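Sequences listed follow chains A and B, in order. At position 8 of the first sequence the residue is numbered 8 (this note's numbering), and the sequence of numbers has no breaks. Count along the second sequence from 1, add 1000, and you get the number used in this note's numbering.
No lab work stands behind these hints, which were simulated from the structure alone. Note that the coordinates shown come from a computational prediction; the quantities given were computed from them, not determined experimentally. Hints should not be assumed to be uniformly reliable.
To be verified - Each computed DSBU-like pair below joins lysine-lysine, with the alpha-carbon atoms no more than 30 Å apart: (1) K36(A) with K74(A); (2) K108(A) with K74(A); (3) K1103(B) with K53(A); (4) K53(A) with K74(A); (5) K108(A) with K36(A); (6) K1103(B) with K36(A); (7) K1048(B) with K108(A); (8) K36(A) with K53(A); (9) K1103(B) with K74(A); (10) K108(A) with K53(A).
What the hints assert, rightly or not - Listed next, with one range per pair, are the computed distances between beta-carbon atoms: (11) H1071(B) with A42(A): 48 to 54 Å; (12) T1093(B) with G86(A): 27 to 33 Å; (13) K1103(B) with S78(A): 26 to 32 Å; (14) K53(A) with P1029(B): 34 to 40 Å; (15) E4(A) with R1068(B): 35 to 41 Å; (16) D1099(B) with E4(A): 18 to 24 Å; (17) D1015(B) with K108(A): 54 to 60 Å; (18) Y1086(B) with V44(A): 50 to 56 Å; (19) V44(A) with P1029(B): 47 to 53 Å; (20) S1047(B) with K74(A): 45 to 51 Å; (21) P54(A) with H1092(B): 17 to 23 Å; (22) G86(A) with K1051(B): 40 to 46 Å.
What the hints assert, rightly or not - Computed, partial: chain B to chain A, Cβ under 8 Å: (23) Q1064; (24) F1095; (25) D1099.
The beta-carbon is built from N, C-alpha and C at its ideal position, and this holds for glycine as well.
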Amino acid sequence: MKNEIHLEQFYPYPVARIWECLTNPGILREWSNLNKTVPFEARVGFTWTETAKPRPGWDGNMYFEVLEVIPEQKLVYSFRGGPEPGVLNLDTIVIWSLVHQEGGTLLKLDHTGFTGLRGAMTSFMMEKGWQKSFFRRLEVLLNQSV
Amino acid sequence: MSTPSDPDVFLALADPQRREILRQLTGQPASINAIADRFPISRPAISKHIKLLEASGFIRISPQGRERICHLNAGGFDQIRAWMDYFEAYWHTQFMQLDDYLKNHPEETK
């Protein structure tokens, strides 16, 4: 079962331009759903919150903290949320990577750590000795239920 | 089979004993009694775990004679998948919006 998201897209612009789009607060406001509340700062430790449409089990509050900044290469932040303020059972990591390619930039996004409750899902999946048979069986089950 | 009332699939998976119950059910369905016999905790505690697993869609329970049999159920796992799909769509939208922005502002390239 998939437990992380990976997306990538090529943009015909230099990495400096894409980096600016990811980190310049004024530009972020123009295109991104993120960074609407306070001016974004590309520095480790910067925190901000956003609000999205709630879903069952999630109040829609998104809590972010910048974890890593490598200019024009990598921007990492944590994204946490939960069913109500103070309860954070969604604890994930968002990684933006910029790769120079001929004629532009390959922008990659990894959203990982869909573990819930600090690793519950990970430990559920990683407990040794049985996960293979479990996921084989699960796949069968999921295919049947379609 | 009851309608899921507690959608918190992550909460359901947070407990090691509940994960162990699911693990055991991957082999084959088992009665609540058989499951309870394998755990050194009280019967009410096991019942509580099983109720939560059923409510969150990870198992379903069918009567068989006087026994109640627990089966692994896709619903809980589907919900985790739904979360993933939601965020994937979210980020996909971000990529599209960035694309639009760049197309409309090509002149600002440093």
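Status of the hints after comparison with the structure:
no.: 1; hint: K36(A) with K74(A); verdict: holds (21 Å)
no.: 2; hint: K108(A) with K74(A); verdict: holds (9 Å)
no.: 3; hint: K1103(B) with K53(A); verdict: holds (28 Å)
no.: 4; hint: K53(A) with K74(A); verdict: holds (28 Å)
no.: 5; hint: K108(A) with K36(A); verdict: holds (22 Å)
no.: 6; hint: K1103(B) with K36(A); verdict: holds (21 Å)
no.: 7; hint: K1048(B) with K108(A); verdict: violated (43 Å)
no.: 8; hint: K36(A) with K53(A); verdict: holds (15 Å)
no.: 9; hint: K1103(B) with K74(A); verdict: holds (23 Å)
no.: 10; hint: K108(A) with K53(A); verdict: holds (25 Å)
no.: 11; hint: H1071(B) with A42(A): 48 to 54 Å; verdict: holds (50 Å)
no.: 12; hint: T1093(B) with G86(A): 27 to 33 Å; verdict: holds (28 Å)
no.: 13; hint: K1103(B) with S78(A): 26 to 32 Å; verdict: holds (31 Å)
no.: 14; hint: K53(A) with P1029(B): 34 to 40 Å; verdict: holds (38 Å)
no.: 15; hint: E4(A) with R1068(B): 35 to 41 Å; verdict: holds (36 Å)
no.: 16; hint: D1099(B) with E4(A): 18 to 24 Å; verdict: holds (23 Å)
no.: 17; hint: D1015(B) with K108(A): 54 to 60 Å; verdict: violated (35 Å)
no.: 18; hint: Y1086(B) with V44(A): 50 to 56 Å; verdict: violated (28 Å)
no.: 19; hint: V44(A) with P1029(B): 47 to 53 Å; verdict: holds (50 Å)
no.: 20; hint: S1047(B) with K74(A): 45 to 51 Å; verdict: holds (49 Å)
no.: 21; hint: P54(A) with H1092(B): 17 to 23 Å; verdict: holds (20 Å)
no.: 22; hint: G86(A) with K1051(B): 40 to 46 Å; verdict: violated (25 Å)
no.: 23; hint: Q1064; verdict: violated (19 Å)
no.: 24; hint: F1095; verdict: holds (5 Å)
no.: 25; hint: D1099; verdict: holds (7 Å)
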